[in-house]
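Novice: Spelled out from the first residue to the last, the chains are:
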Amino acid sequence: MINLPWPSGLLAQAAPAEVDYIANSWLGIASYLIAAALFILSLKWLSHPRTARRGVRAGEIGMTIAVIGTLLIYRAVSYKWIFIGMVVGSLIGAPMAVWMPMTAVPQRTALSHAFGALAAALVGTAHYYTLYGDAAIDRFTMAILAVEVLLGSLTFTGSLVAFGKLQELVPSSIKGLPNQNAINFSILGAALVVGIWLTASPMQHWLFPILIILGLAFGLCLVIPIGGADMPTVISLLNSYAGLSASLMGFVLDNYLLIIAGALDGSSGLILSIVMCKAMNRSFTNVLFGRMEPSAGGTSDDIYAGKVKSATPEDVAMLLEGAQRVIFVPGYGLAVAQAQHTVRELATELERNGCTIEYAIHPVAGRMPGHMNVLLAEADVPYDQLKEMDEINPTFAQCDVAIVIGANDVVNPLARTDPNSPIAGMPILNVDQARNVVVIKRSLSPGFAGIPNPLFAADNCLMLFGDGKKALIELVAAMKEG
Amino acid sequence: MHNLEPKLFTFLLATFLGLEVIRRVSPLLHTPLMSLTNAISAISVVAAIQVMSEGHTTFNHVLCTLGVIAAMTNIIGGFWITDRMLKMFRREKPRRD
Numbered sequence: 001m002i003n004l005p006w007p008s009g010l011l012a013q014a015a016p017a018e019v020d021y022i023a024n025s026w027l028g029i030a031s032y033l034i035a036a037a038l039f040i041l042s043l044k045w046l047s048h049p050r051t052a053r054r055g056v057r058a059g060e061i062g063m064t065i066a067v068i069g070t071l072l073i074y075r076a077v078s079y080k081w082i083f084i085g086m087v088v089g090s091l092i093g094a095p096m097a098v099w100m101p102m103t104a105v106p107q108r109t110a111l112s113h114a115f116g117a118l119a120a121a122l123v124g125t126a127h128y129y130t131l132y133g134d135a136a137i138d139r140f141t142m143a144i145l146a147v148e149v150l151l152g153s154l155t156f157t158g159s160l161v162a163f164g165k166l167q168e169l170v171p172s173s174i175k176g177l178p179n180q181n182a183i184n185f186s187i188l189g190a191a192l193v194v195g196i197w198l199t200a201s202p203m204q205h206w207l208f209p210i211l212i213i214l215g216l217a218f219g220l221c222l223v224i225p226i227g228g229a230d231m232p233t234v235i236s237l238l239n240s241y242a243g244l245s246a247s248l249m250g251f252v253l254d255n256y257l258l259i260i261a262g263a264l265d266g267s268s269g270l271i272l273s274i275v276m277c278k279a280m281n282r283s284f285t286n287v288l289f290g291r292m293e294p295s296a297g298g299t300s301d302d303i304y305a306g307k308v309k310s311a312t313p314e315d316v317a318m319l320l321e322g323a324q325r326v327i328f329v330p331g332y333g334l335a336v337a338q339a340q341h342t343v344r345e346l347a348t349e350l351e352r353n354g355c356t357i358e359y360a361i362h363p364v365a366g367r368m369p370g371h372m373n374v375l376l377a378e379a380d381v382p383y384d385q386l387k388e389m390d391e392i393n394p395t396f397a398q399c400d401v402a403i404v405i406g407a408n409d410v411v412n413p414l415a416r417t418d419p420n421s422p423i424a425g426m427p428i429l430n431v432d433q434a435r436n437v438v439v440i441k442r443s444l445s446p447g448f449a450g451i452p453n454p455l456f457a458a459d460n461c462l463m464l465f466g467d468g469k470k471a472l473i474e475l476v477a478a479m480k481e482g
Numbered sequence: 483m484h485n486l487e488p489k490l491f492t493f494l495l496a497t498f499l500g501l502e503v504i505r506r507v508s509p510l511l512h513t514p515l516m517s518l519t520n521a522i523s524a525i526s527v528v529a530a531i532q533v534m535s536e537g538h539t540t541f542n543h544v545l546c547t548l549g550v551i552a553a554m555t556n557i558i559g560g561f562w563i564t565d566r567m568l569k570m571f572r573r574e575k576p577r578r579d
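Taken in order, these protein sequences are the chains called V and A. For the first sequence, position 249 matches number 249 in the working numbering, and the numbering has no gaps at all. Whatever position you read off the second sequence (first residue = 1), add 482 for the working numbering.
Keep in mind the hints are simulated off the structure, nothing from the lab. Don't take each hint at face value.
Some, not all, of what chain A presents toward chain V, calculated at C-beta under 7 Å [unchecked claim]:
#, residue
1, E487
2, F491
3, T497
4, G500
5, S535
6, E536
7, T540
8, L545
9, T547
10, V550
11, N556
12, F561
13, T564
14, D565
Yeah, the Cβ is synthetic: ideal placement off N, Cα and C, and Gly gets one too.
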C-alpha cells in the first residue's frame, strides 16, 4: 500500500532510492494545499453575485490541480481505466449541465447527490476488500469505513428516491406504511449491529455486503414517505451526508484534501438544512419522521363560502393600471407552469407604466433552496429586485398589488393566527397586508399542508383562476389593450 | 490508519470555516451554492485513484473506475451548471433618463 509520506514521516524515510518518490509526494502535498485553498476561496467568492463566477473558476482550477497531483503521486495506477472513467463521466455529466432546463435543477441536484454518494460508497467498498486481501484492517479503520459506506449507500438510494419524486417517476402521494418509522428504525438498528460486529471482527467479510444492503434499504425507506414541499430540507440533508461520507473517506485514506473538501460540503448542506427547517418552523426529526396531520380547524367550506371573489384578466389589468408598487410572490406552481418568462413580460409592461416591481422569495418556495431566484434570473429579472422574506415583509402594507403565483402555504395567514394549525409559527410572506392581492391559481385546492387558506376569502383578495402561464398571458394581453 | 488527532482537528477546523464562509452566502445563490459544493465534494475522484493504486484485482479496478465515472459526472456537470446559473444573475441595467 502506497501511502503519502507526510513531512513527519519523510525524515525517517529519506533513503536515496526514494528521492524521486519523495519529490513526487511533495508535489502531491503542494497540489493538495493549493487545491484546498482554492476550494475555500471558491466558496468565499460565491457569497456575492459579483464575484461568484470567479468562485467557480477557483473550484475548477483547484479540482484540476488536485487530480493532476494525485496522478503524479500514485504512479502505480492504471491510467487506462482512469482515463476511460473520466471520459465516460464527462460524457454523462456534460449533457446534465448543458441541456438541463432550470425548472429541473432540483432533480439534477438530487441525482448528483446520488452520484457523489455512489462514488464514496464504491471507493469505500474497494478499499475494504483491498485491505481484506492484505489482511490489514485494524478496528478503527473498520469503524470509520463502516460509517462511511453506510452513509454513502443510504444517501445513494435516498437521493435516487428524491430524484424520482421530483421527476414525478415516484408518485408523491406515497406516504409510506402506517408503521414506517418502526421499520426505518429496525433497519437502522440492524445496520448499526452489523457495523459494530464488523468493527469487532473486521475479517468477517460476508458482513460487508449486508451492511451495504441495509444502508441502501434505509435510504429508500427514509425518503419514500417524504412529500414534495419537504424536498428542500431533504435535498440539503442528503447534500450534507454526501459531503460527510467523502470526508470520512479522507480519514480512512490519510487524505487531508478529502477531509477538508468533504467537510466544506457537509457544512454547506447543514446550513441549508437549518435555513430550510427554520423557514418551515419544523425540526429535522419532524421532517424525517413526522407526518403532517390535517388540522381540526374550520373546513374549507366555512372559510370560503360566498367570500371568494373570482376576477377576469381584464379586472386585474384595470387594477394594475393604477398601481405604483407591485410585488410578485412566486411559488412552486410558477416552476410547474414554466411561467417565469411570462411574469417578466408582465413586469416589463408594468414598469413601462412607471410601476416599481419587486419579487418576494420565501426560503422554501420551490423544491430546493434558492430555486425561485434561479428561475427568475433565467427570465432576466435583475437580482436586486429579488427580495428575501425578512427584507420585504415589513413593506407589504405599502404595496398596491401583490400577485401570488402558484404559492399557497407560504402566504397562509393561519400560520400567524391559528396556533392549532399544522403550519402554526411558520414564517410567512405577509401578503394579506397589501392593499390588493391577486392570487393566480388553478382552483381552491389546498397546498402541501392540506389546509384551507383564509387569504383567498379576504376582502382585499381577487382570485384569477387558471393555469399560471395562460392566466399571465391573458393578463399581459389585457394590459396591452388597456 | 493513524494520525487520528491531526485529522480530527483538520475536520473540525474545515467544518467551522465552512460554516462561517457559507453563512455569508446570500440566499439568492443557494441553488448555485449547492451545485458548487456538490462539484467540490466530487474530490472523491482523488480517493478512487488512490484506492485503485492500492489494489491489483479486477474487482478493485471495476469499483474504482465506476467511482471515477460517478465523481467525474459531478465535476463536469456541477461546475458547468453552476456557471450557467451564475451567468444569469444580472443587476438592473442603469436607467435611461
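Novice: It remains to establish, for every hint, whether it holds in the given structure.
Specialist: Hint check:
Given the 7 Å rule on beta carbons, the hint for E487 of chain A is violated: about 12 Å separates it from the nearest Cβ of chain V. Hint on F491 of chain A is violated. Least Cβ distance to chain V is approximately 10 Å, over the 7 Å limit. Hint on T497 of chain A holds. Least Cβ distance to chain V is approximately 5 Å, under the 7 Å limit. Nearest Cβ of chain V to the Cβ of G500 of chain A: about 3 Å, under the 7 Å cut. The hint holds.
Taking 7 Å as the C-beta cut-off, the interface hint given for S535 of chain A holds, the closest approach to chain V being about 4 Å. The beta carbon of E536 of chain A is positioned within 7 Å of a beta carbon in chain V (closest approach about 5 Å), and the interface hint is therefore held. Given hint, T540 of chain A at the interface with chain V, is violated; its Cβ is 10 Å from that chain's nearest Cβ, farther than 7 Å. Checking L545 of chain A against chain V: minimum C-beta separation of about 4 Å stays under 7 Å; hint holds.
Nearest Cβ of chain V to the Cβ of T547 of chain A: about 4 Å, under the 7 Å cut. The hint holds. Nearest Cβ of chain V to the Cβ of V550 of chain A: about 3 Å, under the 7 Å cut. The hint holds. Taking 7 Å as the C-beta cut-off, the interface hint given for N556 of chain A holds, the closest approach to chain V being about 5 Å. Look at F561 of chain A: its Cβ gets to within about 5 Å of chain V, closer than 7 Å, so that hint holds up.
Contact between T564 of chain A and chain V, as hinted, is supported at the beta carbon level, the nearest pair being about 5 Å apart and thus within 7 Å. For the restraint placing D565 of chain A at the interface with chain V, the shortest Cβ-Cβ distance is roughly 5 Å, inside the 7 Å limit, so the hint holds.
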